[in-house]
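Residue numbers (this note's numbering), protein chains in the order written: chain B, 1 to 115; chain V, 1 to 115; chain D, 1 to 138; chain F, 1 to 138; chain A, 1 to 93; chain Z, 1 to 93.
Think of the hints as simulated: they come from the structure by calculation, not from any bench. Positions of the beta carbon are idealized from the N, C-alpha and C atoms, including for glycine. Among the hints, erroneous ones may be present.
[Claimed, not checked] For lysine to any residue, the following SDA-like pairs were computed, each having C-alpha atoms within a straight-line distance of at most 20 Å:
1) LYS56/B / PRO63/D
2) LYS56/V / LYS71/F
3) LYS58/D / PHE9/F
4) LYS58/F / ALA89/D
5) LYS56/V / VAL44/F
6) LYS58/F / ALA99/F
7) LYS34/D / ASP68/Z
8) LYS33/V / ALA64/V
9) LYS34/F / PRO63/F
10) LYS58/D / GLN74/F
11) LYS34/D / ILE11/Z
[Claimed, not checked] Residues from chain D that keep clear of chain V, each with C-beta distances beyond 10 Å, as calculated:
12) ALA11
13) ASP83
14) ILE109
15) GLY115
16) ILE125
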Amino acid sequence: MSPLFIFTETPNNNTQAREGVEALLACAAFDQKPTVMFIDQGILQLIPQADQIGSKNLNKMLQALEIYGVESIIVCANSLARFGVKLAELKPQGKLITLSERASIIQHAAWVACF
Amino acid sequence: MSPLFIFTETPNNNTQAREGVEALLACAAFDQKPTVMFIDQGILQLIPQADQIGSKNLNKMLQALEIYGVESIIVCANSLARFGVKLAELKPQGKLITLSERASIIQHAAWVACF
Amino acid sequence: MASQEAGFFMASFSICIKAAPQASGAAHGLEFAKACIAQGHSIVRVFFYGDGVYLGLKTQALPQGEICWGKLWQNFLVDHKIDAVVCIAAAVRRGIVDAAEARRQNLDIDLLREGFVLSGLGQWIAANSTADHTMSFG
Amino acid sequence: MASQEAGFFMASFSICIKAAPQASGAAHGLEFAKACIAQGHSIVRVFFYGDGVYLGLKTQALPQGEICWGKLWQNFLVDHKIDAVVCIAAAVRRGIVDAAEARRQNLDIDLLREGFVLSGLGQWIAANSTADHTMSFG
Amino acid sequence: MALHLLASIDIECVARCRASLSSADSLLLLGDGVYALQSEETLTSLTAATNNLFVLAEDLLCRLPHLDTSISVINYAQWVQLSIASAPVVSWY
Amino acid sequence: MALHLLASIDIECVARCRASLSSADSLLLLGDGVYALQSEETLTSLTAATNNLFVLAEDLLCRLPHLDTSISVINYAQWVQLSIASAPVVSWY
Chain B
1 MSPLFIFTET PNNNTQAREG VEALLACAAF DQKPTVMFID QGILQLIPQA
51 DQIGSKNLNK MLQALEIYGV ESIIVCANSL ARFGVKLAEL KPQGKLITLS
101 ERASIIQHAA WVACF
Chain V
1 MSPLFIFTET PNNNTQAREG VEALLACAAF DQKPTVMFID QGILQLIPQA
51 DQIGSKNLNK MLQALEIYGV ESIIVCANSL ARFGVKLAEL KPQGKLITLS
101 ERASIIQHAA WVACF
Chain D
1 MASQEAGFFM ASFSICIKAA PQASGAAHGL EFAKACIAQG HSIVRVFFYG
51 DGVYLGLKTQ ALPQGEICWG KLWQNFLVDH KIDAVVCIAA AVRRGIVDAA
101 EARRQNLDID LLREGFVLSG LGQWIAANST ADHTMSFG
Chain F
1 MASQEAGFFM ASFSICIKAA PQASGAAHGL EFAKACIAQG HSIVRVFFYG
51 DGVYLGLKTQ ALPQGEICWG KLWQNFLVDH KIDAVVCIAA AVRRGIVDAA
101 EARRQNLDID LLREGFVLSG LGQWIAANST ADHTMSFG
Chain A
1 MALHLLASID IECVARCRAS LSSADSLLLL GDGVYALQSE ETLTSLTAAT
51 NNLFVLAEDL LCRLPHLDTS ISVINYAQWV QLSIASAPVV SWY
Chain Z
1 MALHLLASID IECVARCRAS LSSADSLLLL GDGVYALQSE ETLTSLTAAT
51 NNLFVLAEDL LCRLPHLDTS ISVINYAQWV QLSIASAPVV SWY
């Protein structure tokens with residue numbers, strides 16, 4: 001069983017998304033093989049962003065997740081539909097799941113953190 | 001034209017509702033004759049609460065609004081319906097309005113503050 | 001009050017910031033305020049309320065690649081000599097104390113950025129009454 | 001790890017507080033932690049993250065009739081000698097500095113409540129790995 | 001099975017929690033989550049997801065002191081026991 | 001007429017702003033509000049409420065750099081002018 005991170009927030013609105021990613025990377029650095037699941041507004045973190053002066057591009061950090069040892073990336077298909085986003089537009093793309101699979105993924109996690 | 005305060009938050013979740021009430025009272029103290037409008041989760045501020053040790057009862061502050069010079073209290077009927085709350089359960093009760101009246105109330109305000 | 005100067009219509013603004021330092025409202029408010037000044041309009045006062053009071057905390061240290069909005073606000077307010085009031089009730093409740101408030105806790109410190117002062121909600125109400133336009137962010 | 005002692009099943013908890021001081025999660029976490037200890041369970045560590053780091057700011061002064069959750073957390077953690085770690089990255093970004101971090105800014109102050117220490121996210125991950133149960137609040 | 005903590009009455013947060021629950025999981029309403037008991041529609045949606053529904057006594061008494069409810073009212077000590085009996089615990093704030 | 005600032009894509013916040021608008025009012029999407037342009041359903045609902053719809057250039061370019069939109073893209077200077085031409089200004093964050 002591995003830890004599960006659930007990301008539900010937009011990338012730029014405040015520090016929550018950024019601090020979620022920092023926590024996820026710390027978990028991976030301790031070789032815990034975390035899974036990350038993007039749901040609701042969280043899927044908007046996966047849309048490539050333009051660089052802004054003086055501000056780290058959160059999406060670029062997400063594109064490097066695999067390099068940092070986060071290999072299991074899950075995306076909620078219903079949330080994509082809500083925002084009219086196609087999987088091909090996302091970076092990284094991750095594995096699509098339906099709502100009916102979500103509860104089981106949570107049940108099989110060692111522990112869960114929502115950001 | 002008078003200032004309009006719009007309250008949209010639950011009473012106890014954080015400081016937002018409390019700081020909204022404090023701002024409203026300050027406005028009334030400067031004799032500005034503010035109007036206050038409770039919408040969405042904000043109508044839950046009007047449900048009488050039990051006293052808790054060490055914590056000010058926000059609803060009791062609202063019950064004293066008239067004494068402090070806040071005479072125009074407006075409550076969204078649709079928001080009451082959403083939570084299954086009847087006007088008779090509220091303190092203070094305020095004046096019920098429908099959604100169609102809201103835009104006009106906002107347009108006629110000197111300035112608007114949302115909490 | 002609105003005034004006609006050199007052929008332009010000049011307006012005055014009262015601005016309230018309720019957004020925490022890294023929340024989008026802190027940036028919106030600052031860029032809006034800069035655009036006001038750039039067009040020759042005036043800002044009666046900037047009032048920091050709610051989590052916006054954290055913008056006045058001088059000990060923030062952002063990692064490389066993140067903007068310190070409190071510092072940028074301070075630079076702007078000082079450069080343009082704009083009245084910057086941090087709500088005293090909201091600030092003290094959150095631990096943002098100036099020298100006088102720290103002294104009540106027997107602490108010899110001042111956590112408020114230079115150029116900001118602690119004062120009451122009346123300052124916000126008064127600014128809203130005076131200004132042509134009242135805006136709030138966050 | 002879970003252990004059997006005096007006929008009771010004893011469990012260990014790792015607790016993370018992400019709620020700001022006056023948000024409901026700060027109260028939920030504290031009352032939950034007290035109930036754990038009252039039942040003889042153990043708390044590996046309390047890790048303060050996100051806006052929860054403000055609970056470690058010692059200059060908060062609440063008006064009469066409002067609870068200072070940071071002070072109550074401090075009392076509980078010190079009384080029960082529970083390891084209390086405030087995330088250093090989240091804290092410094094928000095201006096919650098201990099003496100060492102203040103010194104980097106040439107300030108001779110320490111804003112962290114006694115009983116709390118600044119440290120990294122690894123402390124949270126390690127606690128979660130060790131404890132039987134991981135909980136987060138806020 | 002999992003224990004879900006719902007501490008908000010925000011439409012989006014309630015829907016998110018609801019969509020993450022299976023019938024084998026437990027759900028504890030706390031903080032602003034207790035207002036779910038006030039809204040017929042919200043409560044029906046949550047009870048359709050799981051029968052193992054609980055509400056935290058202290059928050060119910062503070063927020064809705066006059067409400068009668070048929071779901072299990074528990075205190076902090078019982079919440080600790082429920083957490084120990086469940087895995088994992090998920091917080092929706 | 002009023003100028004409404006919508007800085008959130010949260011379902012509840014969008015619905016609240018929508019319900020507070022009349023067709024004579026203006027609406028500026030900024031911050032996370034720009035994501036309304038990404039959601040067909042949200043955008044349709046907002047344009048049904050008012051034709052005077054604007055989006056803040058800086059936030060659109062940061063959040064949805066590749067999106068084509070037919071609504072008016074304005075900068076901070078134009079936002080100041082829009083604010084002066086409206087009364088009151090209402091913020092939905």
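Where does the structure disagree with the numbered hints, that is, which hint numbers, in rising order?
-> 3, 5, 7, 9, 10, 11, 16
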